[in-house]
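> Take a look at the letters that make up each chain.
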Amino acid sequence: MTIPAGLRRTVLRTQRDTGFLAAGVLPHLALVPVWAWAAATTARTGNWLLTVSVSAALVLLGAPVLTAVQRVRYRVLIGVDVPRPAPAAPERRTWASTVRWLAATRPWRRIGYHLLLGPLLALLELSVLAVAAAGSAGVIAYAWSWALPTGIRQGWFGCLTQLPAYTAVGLLLLCALPWAARAVARAEARLASGLLGPSRAQRLQERVDQLAVSRTDLIEAVDAERRRIERDLHDGTQQRLVSLAVNLGLAMATRPDLPSDAREVIARAHLEAKEAIAELNDLVRGLHPAVLEDRGLDAALSGLAARTPLPVRLRVDLEERVAPGVESVAYFVISEALTNATKHADAMRAEVTVHQVGEVLRVRVTDDGLGGADAAGTGLTGLAKRVGSLDGVFHVSSPVGGPTTITAELPCAR
Amino acid sequence: MRAVIAEDSVLLRVGLIKVLEMGGFQVVAEAGDAEGLLAAVAEHRPELALIDVRMPPGFTDEGVRAAMEIRRRRPGTAVVLLSQYVEERYAADLLSANTSGVGYLLKQRVADVADFVAAVRRVADGGTALDPQVVAQLLLRRDSDPLARLTPREREVLGLMAEGRSNAGIAQALVVSESAVAKHINNIFPKLDLPVVDVDHRRVLAVLRFLGASRA
Numbered sequence: 001m002t003i004p005a006g007l008r009r010t011v012l013r014t015q016r017d018t019g020f021l022a023a024g025v026l027p028h029l030a031l032v033p034v035w036a037w038a039a040a041t042t043a044r045t046g047n048w049l050l051t052v053s054v055s056a057a058l059v060l061l062g063a064p065v066l067t068a069v070q071r072v073r074y075r076v077l078i079g080v081d082v083p084r085p086a087p088a089a090p091e092r093r094t095w096a097s098t099v100r101w102l103a104a105t106r107p108w109r110r111i112g113y114h115l116l117l118g119p120l121l122a123l124l125e126l127s128v129l130a131v132a133a134a135g136s137a138g139v140i141a142y143a144w145s146w147a148l149p150t151g152i153r154q155g156w157f158g159c160l161t162q163l164p165a166y167t168a169v170g171l172l173l174l175c176a177l178p179w180a181a182r183a184v185a186r187a188e189a190r191l192a193s194g195l196l197g198p199s200r201a202q203r204l205q206e207r208v209d210q211l212a213v214s215r216t217d218l219i220e221a222v223d224a225e226r227r228r229i230e231r232d233l234h235d236g237t238q239q240r241l242v243s244l245a246v247n248l249g250l251a252m253a254t255r256p257d258l259p260s261d262a263r264e265v266i267a268r269a270h271l272e273a274k275e276a277i278a279e280l281n282d283l284v285r286g287l288h289p290a291v292l293e294d295r296g297l298d299a300a301l302s303g304l305a306a307r308t309p310l311p312v313r314l315r316v317d318l319e320e321r322v323a324p325g326v327e328s329v330a331y332f333v334i335s336e337a338l339t340n341a342t343k344h345a346d347a348m349r350a351e352v353t354v355h356q357v358g359e360v361l362r363v364r365v366t367d368d369g370l371g372g373a374d375a376a377g378t379g380l381t382g383l384a385k386r387v388g389s390l391d392g393v394f395h396v397s398s399p400v401g402g403p404t405t406i407t408a409e410l411p412c413a414r
Numbered sequence: 001m002r003a004v005i006a007e008d009s010v011l012l013r014v015g016l017i018k019v020l021e022m023g024g025f026q027v028v029a030e031a032g033d034a035e036g037l038l039a040a041v042a043e044h045r046p047e048l049a050l051i052d053v054r055m056p057p058g059f060t061d062e063g064v065r066a067a068m069e070i071r072r073r074r075p076g077t078a079v080v081l082l083s084q085y086v087e088e089r090y091a092a093d094l095l096s097a098n099t100s101g102v103g104y105l106l107k108q109r110v111a112d113v114a115d116f117v118a119a120v121r122r123v124a125d126g127g128t129a130l131d132p133q134v135v136a137q138l139l140l141r142r143d144s145d146p147l148a149r150l151t152p153r154e155r156e157v158l159g160l161m162a163e164g165r166s167n168a169g170i171a172q173a174l175v176v177s178e179s180a181v182a183k184h185i186n187n188i189f190p191k192l193d194l195p196v197v198d199v200d201h202r203r204v205l206a207v208l209r210f211l212g213a214s215r216a
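Chains as they are written, first to last, in UniProt numbering: chain H, 1 to 414; chain G, 1 to 216.
It is possible that part of the hints are untrue.
To be verified - Dumping the calculated SDA-like pairs for lysine to any residue here, alpha-carbon to alpha-carbon at most 20 Å:
| hint | chain 1 | residue 1 | chain 2 | residue 2 |
| --- | --- | --- | --- | --- |
| 1 | H | Lys274 | G | Glu154 |
| 2 | G | Lys18 | H | Ala267 |
| 3 | G | Lys18 | H | Ala253 |
| 4 | H | Lys385 | H | Ala253 |
| 5 | G | Lys18 | H | Pro324 |
| 6 | H | Lys274 | G | Leu11 |
| 7 | H | Lys343 | H | Gly379 |
| 8 | H | Lys274 | G | Arg74 |
| 9 | H | Lys274 | G | Asp112 |
| 10 | G | Lys18 | H | Lys343 |
| 11 | H | Lys385 | H | Pro324 |
| 12 | G | Lys191 | G | Glu154 |
Claimed, not checked - Quick look at which bits of chain G chain H covers, simulated, 3 or more residues with Cβ under 8 Å:
| hint | segment |
| --- | --- |
| 13 | 35-48 |
| 14 | 103-113 |
Bear in mind the hints are in silico, worked out from the structure with no lab data behind them. All residues carry an ideal CB built from backbone N, CA and C; glycine is no exception.
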């Protein structure tokens, strides 16, 4: 005879759940004797101070052991991993740190689980086990009734009428067992995750910490990549182009006897090589200027402003250098804003101010151009995103007719 | 005149040697990094050192530091720094001690061979050669002091003076007569509060004031 797969699964699962519940009874009742002893001793001696402190010590020492036992029980028997709270930062054990540990919610939540919830859970577990036992006994009522002494069995009035009822009730109980065992096991797992694991606030805090670290890593990786590209271009392509331009310049300077059309070709190639160098310089600067790394924002911005075709008034007011990531974003914002002012806004002049207010680096770029910049355009959205990557605030004010003002506030606490 | 070259790109080094030789210099040594440069200067005692700013191992401002070291050890050596980008901060470091026999030029200027040779020669003769971009940056930074009193034309003239050009050179660059240039310069001096003592001396003072090096 084959057992249907569904039924077999239910039976196996019920076995597992019931075993899990049975294993929970002892650890859940483990602290009850402590209570009982404390109550009994206090009643006998009247010295409640002693009993309360002794039982408190026992509970405090026992809770971690019980927590460990429960973790093993959950993992081995029903495959549930009760999340572990993040290990606290290593700290020297002092009275102050112990008091802090006790004041934190975590130990109290655990102790509450073992001390108060434990006995209640044990009751639930015992009732499920009772259902299992009663159900099994009822179903096989006929079998064991035969084991009763003949006299009793025949003299028992209810023998014929009650036995079928026992069997029926047993069947009902056994049918309810999978559901009950499942429900209690699930409830226990949820309670344990909530009370033995980190609290919701702690989990969120851990997640936030993780995300902050991974985001910082990502930003640094992108920055490093940008610097690598800058260096590759600088040490390779740019040098070759300069060398090409120098050689073409030499050709023109040393061979004045060439036919005029050949000279013209060389002159054009010379010009184009120089233009290519200028273009590449601009491109590399946009990536990550070396001087930004060496000398900081002030030096890099003065270079940027000098290269901008419009007059730029530059004010940089910084007491000390800020974090490289912040410098990089500030430079990028200003560089893009000045490019926009030159290319699109038809501006006559621009003003750049950078100053630090407390732990915020405030960057402001104003031009007297046409205005009407589209804050949803790709360029400005990109800037907003880069500022956002540092939890900064980005704002564009550009009414049609101008002026356009771009501000960015970048947190720069070190 | 004897020169040493420090430039880590071999291709460019070859080009630079040709350009200098064309200008009548004799290249006695070449180096690929700051250490090699200092050794070559100590050994050959050249009149001129042509130095790339970014060199191994750090590729930041090794050339600037080496140049300052050379100026400290052998003050008579003329130094021309070549940079991919002109950063006035690097130039200011170099100029804070002394402005004679110092040059700071963009690498791409080398391509205009005749101009470049003229600039290097000027430095070798004890003059100054600053890239117009450095001058633009310096001008930008000091817009609140007496320079604000100058007319745009006078600022142009002062800028060219700071680049190290003579009156004739300035006149050529601005396409005006030499006497017009002299008139502008005579207007600049009182505006910068420079007393009438000696014209050449005041010229240096004006440039120094312009560069902000007088404060250093």
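> So which of those numbered hints doesn't the model satisfy?
Numbers 1, 4, 5, 8, 10, 13 - these are the hints that the structure violates, sorted from lowest upward.
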